[in-house]
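Protein chains: 2
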Amino acid sequence: MVKKTIGFNWGAAAVSTAIWKGVPLRYILQLAGVKNDDNYEKTRYVCFGGTDKLPNGYYGTSITLKWAMDEEKDVMLAYEINGKRLTPDHGYPIRMIIPGIIGGRMVKWLNKISVTNKESDSWYHFHDNRVLPPNVDAERANKENWWYIPNYIIYDLNVNSAIAAPAHDEVIPFSSFSSDSEYTLRGYAYSGGGRKIIRVEITLDDGKTWLLSDLFDLEERNGRTWCWTFWSLKIPTHSFVRSSEIRVRAWDCSQNTQPENLTWNLMGMMNNCHYRVKIHVITYGKDVVLRFEHPTQAGNNPGGWMVRQHELEQKQSAPANTPANASKSESSSKDPKYTMEQVKQHNNEKDCWIIIDKKVYDCTKFIPIHPGGTTAILINAGTDCSEEFNAIHSDKAKKRLATFYIGDLDDSKRPKL
Amino acid sequence: MVKKTIGFNWGAAAVSTAIWKGVPLRYILQLAGVKNDDNYEKTRYVCFGGTDKLPNGYYGTSITLKWAMDEEKDVMLAYEINGKRLTPDHGYPIRMIIPGIIGGRMVKWLNKISVTNKESDSWYHFHDNRVLPPNVDAERANKENWWYIPNYIIYDLNVNSAIAAPAHDEVIPFSSFSSDSEYTLRGYAYSGGGRKIIRVEITLDDGKTWLLSDLFDLEERNGRTWCWTFWSLKIPTHSFVRSSEIRVRAWDCSQNTQPENLTWNLMGMMNNCHYRVKIHVITYGKDVVLRFEHPTQAGNNPGGWMVRQHELEQKQSAPANTPANASKSESSSKDPKYTMEQVKQHNNEKDCWIIIDKKVYDCTKFIPIHPGGTTAILINAGTDCSEEFNAIHSDKAKKRLATFYIGDLDDSKRPKL
Numbered sequence: 001m002v003k004k005t006i007g008f009n010w011g012a013a014a015v016s017t018a019i020w021k022g023v024p025l026r027y028i029l030q031l032a033g034v035k036n037d038d039n040y041e042k043t044r045y046v047c048f049g050g051t052d053k054l055p056n057g058y059y060g061t062s063i064t065l066k067w068a069m070d071e072e073k074d075v076m077l078a079y080e081i082n083g084k085r086l087t088p089d090h091g092y093p094i095r096m097i098i099p100g101i102i103g104g105r106m107v108k109w110l111n112k113i114s115v116t117n118k119e120s121d122s123w124y125h126f127h128d129n130r131v132l133p134p135n136v137d138a139e140r141a142n143k144e145n146w147w148y149i150p151n152y153i154i155y156d157l158n159v160n161s162a163i164a165a166p167a168h169d170e171v172i173p174f175s176s177f178s179s180d181s182e183y184t185l186r187g188y189a190y191s192g193g194g195r196k197i198i199r200v201e202i203t204l205d206d207g208k209t210w211l212l213s214d215l216f217d218l219e220e221r222n223g224r225t226w227c228w229t230f231w232s233l234k235i236p237t238h239s240f241v242r243s244s245e246i247r248v249r250a251w252d253c254s255q256n257t258q259p260e261n262l263t264w265n266l267m268g269m270m271n272n273c274h275y276r277v278k279i280h281v282i283t284y285g286k287d288v289v290l291r292f293e294h295p296t297q298a299g300n301n302p303g304g305w306m307v308r309q310h311e312l313e314q315k316q317s318a319p320a321n322t323p324a325n326a327s328k329s330e331s332s333s334k335d336p337k338y339t340m341e342q343v344k345q346h347n348n349e350k351d352c353w354i355i356i357d358k359k360v361y362d363c364t365k366f367i368p369i370h371p372g373g374t375t376a377i378l379i380n381a382g383t384d385c386s387e388e389f390n391a392i393h394s395d396k397a398k399k400r401l402a403t404f405y406i407g408d409l410d411d412s413k414r415p416k417l
Numbered sequence: 001m002v003k004k005t006i007g008f009n010w011g012a013a014a015v016s017t018a019i020w021k022g023v024p025l026r027y028i029l030q031l032a033g034v035k036n037d038d039n040y041e042k043t044r045y046v047c048f049g050g051t052d053k054l055p056n057g058y059y060g061t062s063i064t065l066k067w068a069m070d071e072e073k074d075v076m077l078a079y080e081i082n083g084k085r086l087t088p089d090h091g092y093p094i095r096m097i098i099p100g101i102i103g104g105r106m107v108k109w110l111n112k113i114s115v116t117n118k119e120s121d122s123w124y125h126f127h128d129n130r131v132l133p134p135n136v137d138a139e140r141a142n143k144e145n146w147w148y149i150p151n152y153i154i155y156d157l158n159v160n161s162a163i164a165a166p167a168h169d170e171v172i173p174f175s176s177f178s179s180d181s182e183y184t185l186r187g188y189a190y191s192g193g194g195r196k197i198i199r200v201e202i203t204l205d206d207g208k209t210w211l212l213s214d215l216f217d218l219e220e221r222n223g224r225t226w227c228w229t230f231w232s233l234k235i236p237t238h239s240f241v242r243s244s245e246i247r248v249r250a251w252d253c254s255q256n257t258q259p260e261n262l263t264w265n266l267m268g269m270m271n272n273c274h275y276r277v278k279i280h281v282i283t284y285g286k287d288v289v290l291r292f293e294h295p296t297q298a299g300n301n302p303g304g305w306m307v308r309q310h311e312l313e314q315k316q317s318a319p320a321n322t323p324a325n326a327s328k329s330e331s332s333s334k335d336p337k338y339t340m341e342q343v344k345q346h347n348n349e350k351d352c353w354i355i356i357d358k359k360v361y362d363c364t365k366f367i368p369i370h371p372g373g374t375t376a377i378l379i380n381a382g383t384d385c386s387e388e389f390n391a392i393h394s395d396k397a398k399k400r401l402a403t404f405y406i407g408d409l410d411d412s413k414r415p416k417l
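Line order of the protein sequences matches chains Z and H.
Position one of the first sequence corresponds to residue 1 (the UniProt record's numbering), numbered consecutively onward.
Position one of the second sequence corresponds to residue 1 (the UniProt record's numbering), numbered consecutively onward.
Just so you know, these hints were derived from the structure itself, not from any lab.
Treat the hints with caution; some may be incorrect.
It does not matter which identical chain is meant; a pair holds if it fits inside one copy or across any two.
[Unchecked claim] Calculated lysine to aspartate or glutamate pairs in the EDC-like style (CA-CA distance at most 16 Å, straight line): (1) Lys66 / Glu220; (2) Lys42 / Glu245; (3) Lys398 / Glu388; (4) Lys196 / Asp156; (5) Lys3 / Asp137; (6) Lys208 / Glu260; (7) Lys118 / Asp137; (8) Lys337 / Asp287; (9) Lys359 / Asp335; (10) Lys350 / Asp206; (11) Lys278 / Asp205; (12) Lys35 / Asp384; (13) Lys21 / Glu313; (14) Lys358 / Glu313; (15) Lys42 / Glu219; (16) Lys234 / Asp214; (17) Lys399 / Asp357; (18) Lys3 / Glu170; (19) Lys358 / Glu119; (20) Lys350 / Glu219; (21) Lys42 / Glu220.
In this text, all values refer to a predicted model and were calculated from it rather than measured experimentally.
Turn these sequences into a full structure, and let the hints steer you where they fit.
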């Protein structure tokens, strides 16, 4: 059973590769008279502050001065992504880019850089982007000050990999099978700190044998690899027939690989266990097909075997004295009620509903004036985005949300899985 | 089932920490007029050659020039260990020390340094210190030239950990148990590339829960940790009663951890799966005791659950038509025969027998003149050291060995496990 974390739903999506344009941070620091330290006794830091005011103050974080000044680390003040000026979502007008490490240090909407003798004092520097040991929950972390233990901060990303093809819900009809039909598995792999991916392997028999995939090496820069590596593996389609799962694991140039199983941590960050796509044999109209199921889907998209497993476990652990239809009979609110299915229809720029904490909001009119940009709302249109909303919005924003309230979520009609 | 590799028996012992004294390699290179490259297009290398002539030529290897010149990598020409001049075993008169990477690059008995445009051309640079994918065996590696694929070379060590206490064969009598008796688990953890160990955890319930150990941090140097980290964890002694295994795993500052299970590779190198000590409840005279069993023991010492498992598996896979006592009845040699038990008695400086390929040698007289030093023989006195001997000795050395032959190993009386 996997406990709920207090972090975002990342899926396999918390890594990206783009072409960034900007100014090396070290040039700016040098212009300001900052010199690299020869004094290794005392660590100095470069602190970054954003203009985004969140429930616990402004977002901010820091890296060591040594890191910032290292010409091989490629730390950059970026103003362009893939040949275009940054959009608000990507941190317009200027943001940090620090290759190889966790995104949380790459402050968006940057408005302040300072060189200090200690780490950033932003609440978010300490309370986000940490991996705490698995037996530390929120209560214990706060009570015993685990957030401030230096070992648990995240900088470098670890080695990771994911499967992109077959996609979630992709099907292969048995009627298309022939002795020479092939399928090309595809995906990406990545490691932090500029470490190169040297090997990506697939198993179709629960780890008994591993098949070596082809790698598409991206260019190295000063002996470092900042980008994800694509992998692919062509296999006979019939290899799937006796297999219940496709698993991938990567190895980096430090000979590290991924653990087989997930280790829970409070923020739900940096889990890099083997990525598993389940293979189902199902009937689909008159066909018999193989259907592929990923563990979760990106963002708030429904589905995935981890989600299904989690819901099953929750159902099993529900108190025995709660009647199955309790939510229906106990409903007393007189506000309009909308089902998930109804909300899902309002999923575009001209008609955009969202659900937050079981309340439904029509925020169509708010889209063009959203401080976080248009896309930030639109990717959530027609979905329940409670977690995302609550994690990054201030109390002021939460009050403003109330203006757009139109009714409650009727979850008594949710399909039983 | 774990297949035999062509490498050494390392156990958990292929890592060490010592205080080295020497001259930074970059000083020597600078004196010789070598400058660091600004041209990142072309990698330059520093090649090291040893005076040890092996079956396939002199031992040698290389690292990049960039690495050699980096003042934070602490690459050193060492002449002292722990305050004393190097012994022959440790590479007298001078050897390489390259912190954080595999020992195979730290050439002993150093006699040549050259700066070149390509890697070392020593046979051993390519045919040793590689991790090949698990489906590549010796025949395929040689036939398809896997030794020369750049991705599979080892430099950085990966994250690893081991249990030292309880030791192999340590016992705790149940008669010593009381409600307040405690046991302190101890061991070491390590990661390559100067990456710090941030977390070491123990499980007594097969990974369902993990207990956080205490770490004894060693000093960092330029933000890098070159030494192993000791860990300890005090637990109530009765925690062992319902547990069949103690497992340890470490995490480093790049958020990498160890895989649960071993992945076979041809050289048997760099396996860093969870270290498991089995717990047996056995009678021991009149006592009932807990007895601890490590996976293997260092060097040629017998025992360990992996060894036992391996022998069992071999027995099960033996051809059915081989009579159980075949070795006895087929014996035809007229040379004297010695049992393992007899050989074991000759285990010291004044009386030193060894077994190589089922032949017994009395090499007492050779000890003081062994080119590899006294200790190299003495640690093998009274044991079967076929693998170690064959791996590092030249044909000339093998011929010389014949001088000391005294008889054959009688393995018909080996105890059945």
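We went through each hint and held it up to the structure:
Proximity of lysine 66 to glutamate 220 under the C-alpha cut-off of 16 Å is restricted to the inter-copy arrangement: shortest distance 15 Å between copies versus 22 Å within a copy. Taking CA atoms no more than 16 Å apart as the test, lysine 42 paired with glutamate 245 passes in neither setting, with 50 Å inside one copy and 43 Å between copies. When the C-alpha separation of lysine 398 and glutamate 388 is checked against a cutoff of 16 Å, the pair qualifies only within one copy, where the shortest distance is 12 Å, while the shortest distance between copies is 70 Å. Within a single copy, lysine 196 and aspartate 156 get their C-alpha atoms as close as 13 Å, and across copies as close as 12 Å, so both meet the 16 Å cut-off.
Taking the shortest Cα distances, lysine 3 and aspartate 137 sit within 16 Å of each other inside one copy (10 Å), while across copies they are farther apart (42 Å). With identical chains, the CA atoms of lysine 208 and glutamate 260 are at most 16 Å apart both within one copy (13 Å) and between copies (14 Å). Taking the closest pair of Cα atoms, lysine 118 and aspartate 137 never come within 16 Å of each other, the shortest separation being 27 Å inside a single copy and 52 Å across copies. In this assembly of identical chains, lysine 337 and aspartate 287 lie within 16 Å of each other by CA distance neither inside one copy nor across copies; the values are 38 Å within and 71 Å between.
In this homomeric assembly, lysine 359 and aspartate 335 come within 16 Å of each other (Cα to Cα) only inside a single copy, at 10 Å, whereas the closest approach across copies is 91 Å. Taking the shortest alpha-carbon separations for lysine 350 and aspartate 206, neither the intra-copy value of 47 Å nor the inter-copy value of 54 Å comes in at or below 16 Å. Taking CA atoms no more than 16 Å apart as the test, lysine 278 paired with aspartate 205 passes inside one copy only; the shortest distance there is 12 Å, against 27 Å between copies. Taking the shortest Cα distances, lysine 35 and aspartate 384 never come within 16 Å of each other, neither inside one copy (49 Å) nor across copies (60 Å).
In this homomeric assembly, lysine 21 and glutamate 313 never come within 16 Å of each other (Cα to Cα): the closest approach is 47 Å inside a single copy and 59 Å across copies. Taking the closest pair of Cα atoms, lysine 358 and glutamate 313 never come within 16 Å of each other, the shortest separation being 22 Å inside a single copy and 58 Å across copies. Taking the shortest Cα distances, lysine 42 and glutamate 219 sit within 16 Å of each other only across copies (13 Å), while inside one copy they are farther apart (35 Å). When the C-alpha separation of lysine 234 and aspartate 214 is checked against a cutoff of 16 Å, the pair qualifies only within one copy, where the shortest distance is 9 Å, while the shortest distance between copies is 47 Å.
In this assembly of identical chains, lysine 399 and aspartate 357 lie within 16 Å of each other by CA distance solely inside one copy; the values are 14 Å within and 81 Å between copies. When the C-alpha separation of lysine 3 and glutamate 170 is checked against a cutoff of 16 Å, the pair qualifies neither within a copy, at 28 Å, nor between copies, at 38 Å. For a Cα distance limit of 16 Å, the shortest separation of lysine 358 from glutamate 119 qualifies neither inside one copy, at 39 Å, nor across copies, at 63 Å. Taking the closest pair of Cα atoms, lysine 350 and glutamate 219 never come within 16 Å of each other, the shortest separation being 42 Å inside a single copy and 60 Å across copies.
Taking the closest pair of Cα atoms, lysine 42 and glutamate 220 come within 16 Å of each other only across two copies (12 Å); inside a single copy the shortest separation is 32 Å, beyond that limit.
When the structure is compared with the earlier hints, violations turn up for hints 2, 7, 8, 10, 12, 13, 14, 18, 19 and 20 and for no others.
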